[in-house]
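Residue numbers (our numbering), protein chains in the order written: chain A, 2 to 409; chain B, 2 to 409.
A hint or two may mislead.
Heads up, simulated DSSO-like pairs for lysine-lysine below, C-alpha to C-alpha not over 27 angstroms straight-line [to be verified]:
| hint | chain 1 | residue 1 | chain 2 | residue 2 |
| --- | --- | --- | --- | --- |
| 1 | A | Lys125 | B | Lys128 |
| 2 | B | Lys78 | A | Lys128 |
| 3 | A | Lys78 | A | Lys336 |
| 4 | B | Lys125 | A | Lys128 |
| 5 | A | Lys99 | B | Lys128 |
| 6 | A | Lys125 | B | Lys23 |
| 7 | A | Lys33 | B | Lys125 |
| 8 | A | Lys121 | B | Lys78 |
| 9 | A | Lys78 | B | Lys125 |
| 10 | A | Lys91 | A | Lys234 |
| 11 | B | Lys121 | A | Lys56 |
| 12 | A | Lys234 | A | Lys33 |
Hint data in this document are derived by calculation from the structure and do not stem from the laboratory.
For reference, the chains in residue letters:
Protein chains: 2
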Amino acid sequence: MTSLSVFRDVPIAQKLEGSLLKIYRQDDSSAKLFLAYKVCMTEGGHPWVSLVVRKTRLQIAEDPSLNYEYLPLAGLKSFIQASLELLFGKHSQAIVEKRVGGVHIVGESGAFQLGAQFLKAWRKNLKTVCIVSCQNEQCGLIFRDMGFTVYEYSVWNSTDLCSDPSMFVEVLQCLPAAYPAGSILVIGNISDCRFTKNQWTKLMSIIKSKQIFPFFDIPCQGLSTGDLEEDRKFLQHFVSLGFEFFCSQSLSKNFGIYDEGVGILVVAALSNQHLLCVISQLMDYVQALWGNPPATGARIITSILCNPALFGEWKQSLKSVVENIMLIKEKVKEKLRLLGTPGSWNHITRQSGTHGYLGLNYQQVEFLVKKKHIYLPKTSRINFTCINSSNIDYITQSIHEAVVLTEG
Amino acid sequence: MTSLSVFRDVPIAQKLEGSLLKIYRQDDSSAKLFLAYKVCMTEGGHPWVSLVVRKTRLQIAEDPSLNYEYLPLAGLKSFIQASLELLFGKHSQAIVEKRVGGVHIVGESGAFQLGAQFLKAWRKNLKTVCIVSCQNEQCGLIFRDMGFTVYEYSVWNSTDLCSDPSMFVEVLQCLPAAYPAGSILVIGNISDCRFTKNQWTKLMSIIKSKQIFPFFDIPCQGLSTGDLEEDRKFLQHFVSLGFEFFCSQSLSKNFGIYDEGVGILVVAALSNQHLLCVISQLMDYVQALWGNPPATGARIITSILCNPALFGEWKQSLKSVVENIMLIKEKVKEKLRLLGTPGSWNHITRQSGTHGYLGLNYQQVEFLVKKKHIYLPKTSRINFTCINSSNIDYITQSIHEAVVLTEG
């Protein structure tokens, strides 16, 4: 055997090197804190799991009647139906007309991977992807790898410290007209964008005239405002006007089933006939991507969504989580006020959801990371549920110092 | 909104139409039987699940100490380690030298999808995929979709009614030489190929001289002979000679966790350094494909593999399953002998594993499907565990009629 490896030209992948979490883990300081976890954390510093999920998981494991056969390629039917009803409402016209459907997908990236493969093959005129969000979205990587030209825009206005709907409208105005090539518009986390009616109308009209194909990301319905309906309200604008679109509906975070990465690629079409064609093509990609999807997460979620008592418990748990997040944000703001930290900190409580911008500049973030061992992204967008009673004083004091020391 | 759907050019996907299972389901006959299920069935006609799996599943659901955090991108470390030890043996030199590793994958297709993406990007000279197996392998679709030229060869010799190692050697001899382009060799189910030492040597020498990259498929270790070590023996030839290769190790069928589709893409490299580079690149693809893998299946399997008592129970259950398969095959053969069915039926018991060729021709298969409502593939390769005491008489009588009526 030759001693020359066939892998000799393969270098270590660079993207994963030097990630914030990696640097945090290598830090020996006992004071170190990580404020960028993806998931909702409890006061005790553990990933949050809805209690009703634990209960349901056990019930499913105890069920002797369950067989563990392969799921169909498209996934668990009852799971897809329940997820669509969660997203569009039980009495949604689109569901009644059977023009929305979905494919059970795997992981956080699965819906975008699957959707992008379809769009590349069947909507060849769409060459550009425009991602609009108030946060970094993972899906850019997927579209780029498939040869799309990807533009990413943040709607976080770092001067006014708010999610700015006018920035969204501006981005769309700059997109090329429909011909010769259209665009895919990924609409990420824009829940804090408070559109006026006028802005909505403008947005819709641009999307229509430029033949833009919307691809929504709904990563944690209910964890933004605590209200399941409120969190999907902007999607309604599109559904009611009969837009066709894709939507990545992830159900890992709002149930606290992070280790199962379960969700749906939702398809909205003009008619049931078109929907069935799209779903059948998607199934071909699924077969090549992973085959039959894993069942555990989907079974748990379906059991909860289809049982009114469990559903009520789950909704209540979402509400409590969000109330707790707001409490943490209030406390942080109040502590900064008491410390006399320069600036207004109202933007902290104006943002909804687990994550939000502290509104610090690079220099201030650098100070927190290097001097205080508090790890947060350069954007200063942190997970507020990483803050609890045992670390809030250290964190707010450190923010105070960062702001004061880097001033002038 | 325009009433022209953006999906108007998307037809129903053809590949999924008219599948055998679909036709079976549409058949109204009460006599209908389906002999092509993928999974091992019980006497009662349900998918087989190792009892120790049910027990472990429950224990895991009851464990209050488990948190449900995202798994790392590469998957559950202990699961990967345990799976590698299962495949190569606990004291394998390759494991000690840390030159074999793996990435936790999703579904039955995941390992091939991931491996193919890597090979396409990093071994650009490999343009041809040659799939050798005694059955149809799903992975051809994946390689084809990525632009590889795929050739599929069966080593089932329908004249001599056996898996024929000389056919394997012939296929490799016909492959192009290493330059300008090499080949990927997918080695599927060849467990019934009884190579002579001479044939092994020849095989190895061709693979070496033509710089062929082997990609093994180990879909159900232990379910072929009932002996975990026996079922991976041919892999040992490659490991001990220091070959570099990929291997899809699926663990859904041999544990009876079909609904979780869990496995590993195994990488064997010349050194740990090369291995780490390959794994790091694979992780980039994982991030885009599905992100963090689901945990349930991996947790169950790890618990069993790492606990000697549970491991013993599982090994015993594999042995019982395989003994039962052999018993079914013996009974089928004996019944055909008693019916005086023309021909020798020894090939039925010469084949190992759940599936095997009946050795019928197209006309005979057609007769079974059309006249007897017994659904089996045109190749006559059936799942013998679909045969049980309540249907064996009908099946053997029907085979008898098929052979007699279509003779001459």
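Against the structure, the hints:
1. A:Lys125 to B:Lys128: Since the Cα atoms of lysine 125 of chain A and lysine 128 of chain B sit roughly 25 angstroms apart, the hinted pair holds (cutoff 27 angstroms).
2. B:Lys78 to A:Lys128: 39 angstroms, violated
3. A:Lys78 to A:Lys336: 49 angstroms, violated
4. B:Lys125 to A:Lys128: At roughly 25 angstroms apart (the allowed maximum being 27 angstroms), lysine 128 of chain A and lysine 125 of chain B satisfy the hint.
5. A:Lys99 to B:Lys128: 43 angstroms, violated
6. A:Lys125 to B:Lys23: 32 angstroms, violated
7. A:Lys33 to B:Lys125: Given that 27 angstroms is the threshold and the Cα spacing comes to 44 angstroms, the pair is violated.
8. A:Lys121 to B:Lys78: Not satisfied, since the Cα-Cα distance of roughly 35 angstroms exceeds 27 angstroms.
9. A:Lys78 to B:Lys125: Answer violated: lysine 78 of chain A to lysine 125 of chain B is near 40 angstroms, above 27 angstroms.
10. A:Lys91 to A:Lys234: At roughly 14 angstroms apart (the allowed maximum being 27 angstroms), lysine 234 of chain A and lysine 91 of chain A satisfy the hint.
11. B:Lys121 to A:Lys56: Not satisfied, since the Cα-Cα distance of roughly 45 angstroms exceeds 27 angstroms.
12. A:Lys234 to A:Lys33: 39 angstroms, violated
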